Amino acid sequence: MANGTQGGPEILENLKLELRRGCLIVAVLGQLRTEQYGYTLRKALADDGLAIDEGTLYPLLRRLETQGLLVSQWREEDKRNKRFYRLSPAGEQILTQLLEEWQNINTSLNKILQEAQAL
Amino acid sequence: MSKTTSRNPMDILDRYLQAVGFWLPKAQQQDIVAELSEDLHSQIEEKETELGRSLNETEMDAILKRRGRPLLVANRYLPQQSLIGPVLFPIYWFVLKIVALFYLGPWVLVWIGMMSFSSSYRAAHTSAGWLGAIVSAWSAWWFTALVTLSTVTIVFAVLEQVQSRSRFLENWNPRKLPPARNPNQIPRSGSLIEVVANLMFGIWWIDIMSTRVLLDRPEVRVVLSPVWRYFFWGFLLLALINTVLAAVNLARPYWTVLRASFRLATDCVGAGLFCWMLKASLLAEITGAGIPAARALEITNAINLGMAKVFPVVLAAGAVIALVDARRIYRVNKTVLAPLKREVSAALV
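Taken in order, these protein sequences are the chains called A and B.
Residues in the first sequence are numbered consecutively from 586, following my numbering.
Residues in the second sequence are numbered consecutively from 196, following my numbering.
Among the hints, erroneous ones may be present.
Here are a few chain B residues that face chain A, going by a calculated C-beta distance under 8 Å [claimed, not checked]:
#, residue
1, A229
2, D234
3, H236
4, S237
5, R262
6, G263
7, V268
8, R271
I should point out that these hints are in silico values taken from the structure, not numbers from a laboratory.
No experiment lies behind these values; they were computed from the predicted model shown.
For glycine and all other residues, C-beta sits at the position ideal for the given N, C-alpha and C.
Given only the sequences and the hints, what does the whole structure look like? Please build it.
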């Protein structure tokens with residue numbers, strides 16, 4: 586990939602972005618099993634190795650809330666109003682299904698990669 | 196927050212939030228701006244704790260710059276809209292290319308042609324000089340392009356709205372797709388028409404054009420120059436070759452490099468012969484009972500001159516035909532010979 590492919594790093598970045606897009610939703614839903622506000626959620630994701638920029642996170646949170654997967658509440662903490670998010674009951678169900686799907690994909694990928702290695 | 200920067204930091208932050216809010220829909224504006232403000236405050240606080248002091252203006256600028264241009268930040272919250280969506284866009288692009296190729300391009304060629312060959316058109320449009328004529332044509336072309344492309348865009352924008360509601364493009368039938376097409380296939384109907392047309396041309400040519408006396412009536416007599424015999428035999432031979440080639444194409448309806456090269460050669464010879472004929476002062480004399488000799492000579496010269504003037508058009512047409520023929524050879528070579536060569540090299544290896 587590195588040799589010969591012009592714009593290789595750019596292609597890799599785009600592919601990584603596509604790969605991460607779906608994973609980030611699962612990660613956000615997973616993190617919000619415990620209530621958090623945007624800033625701490627972002628920090629928690631980054632600490633776990635899934636850094637996400639604010640411009641992606643906040644619109645994503647609003648979209649997930651519109652879809653009924655999250656609920657939010659404005660509350661005062663440390664003398665500042667913060668919006669706290671947590672998983673809704675519908676969100677919990679969806680998360681369970683998504684994690685199952687994730688496991689299936691993971692199993693399939695491992696199988697495919699092992700088969701390819703065996704060749 | 197008021198202590199975070201040396202010079203009114205609230206002002207910079209407020210101006211940033213206001214700028215983001217400007218692009219947001221009214222219903223969500225306050226909510227989104229409040230959350231964005233809270234996030235920025237948290238980030239500023241963290242940075243200040245890390246540095247152990249208030250942020251200066253440059254550091255504040257860096258935080259806001261990293262967050263992004265207000266319009267782009269706001270855009271992330273807006274529903275993704277497009278005038279023409281991804282479903283219709285390829286068709287829209289295809290139509291634009293067709294319009295450019297068959298209308299806007301020819302518009303320029305027609306203008307060049309009219310300015311080159313029509314003295315009355317040229318006189319009417321160069322009253323303000325050549326520069327004025329070019330500027331006037333350029334603005335007329337842009338206006339035409341703008342109107343045409345806008346019309347196409349509006350039509351597709353309306354179609355997009357209809358499609359997004361009715362999803363009519365999602366209802367399709369695979370059986371209605373056009374048949375798979377081999378670019379090297381020669382339609383048999385075309386070859387048949389070519390055979391018949393060439394035969395009819397040959398019969399007419401021998402019957403009418405075999406003599407130099409084109410018209411022999413008491414009131415008018417038209418005679419061609421002796422050089423005519425070259426053209427007569429040349430075109431007859433070409434018609435014969437084209438008939439044979441079309442007949443072969445009818446029996447074996449796929450281009451081969453040999454036949455495609457043959458077509459290029461006959462078309463080039465045909466165009467060359469035609470060009471030569473136009474320049475050969477073909478008309479020798481026109482005589483008639485009621486036509487004075489001077490007038491007859493004048494008419495003869497005018498016709499020969501008129502034919503010579505068509506020469507550039509025929510030359511250009513011949514060049515286009517030759518290009519099409521050459522492209523055909525390239526395509527046949529690529530699709531027929533290249534895989535064969537690869538197979539041979541693979542076998543040899």
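For this session: Using 8 Å as the Cβ threshold, decide whether A229(B) counts as touching chain A.
Result: holds, 7 Å
Exercise. Can we keep the R271(B) interface hint, with Cβ of chain A closer than 8 Å?
Worked result: Holds, because the Cβ-Cβ distance from R271(B) to chain A comes to roughly 4 Å (cut-off 8 Å).
Exercise. Any CB of chain A closer than 8 Å to the CB of R262(B)?
Worked result: holds, 6 Å
For this session: Hold the hint about H236(B) up to the distance rule: shortest CB distance to chain A must be less than 8 Å.
Result: holds, 7 Å
Exercise. Can the hint on S237(B) be confirmed by a CB-to-CB distance to chain A that is less than 8 Å?
Worked result: With a minimum Cβ separation of about 4 Å from chain A (threshold 8 Å), the hint on S237(B) holds.
Problem set entry | Cut-off 8 Å, beta-carbon criterion: hint that D234(B) touches chain A | Because about 5 Å separates D234(B) from the closest Cβ in chain A, which is inside the 8 Å limit, the hint holds.
For this session: Mind checking the CB of V268(B) against every CB in chain A and telling me if the closest is under 8 Å?
Result: holds, 6 Å
Problem set entry | Restraint check, 8 Å cut-off on beta carbons, for G263(B) near chain A | Status holds, d = 6 Å.
The structure agrees with every numbered hint stated previously.
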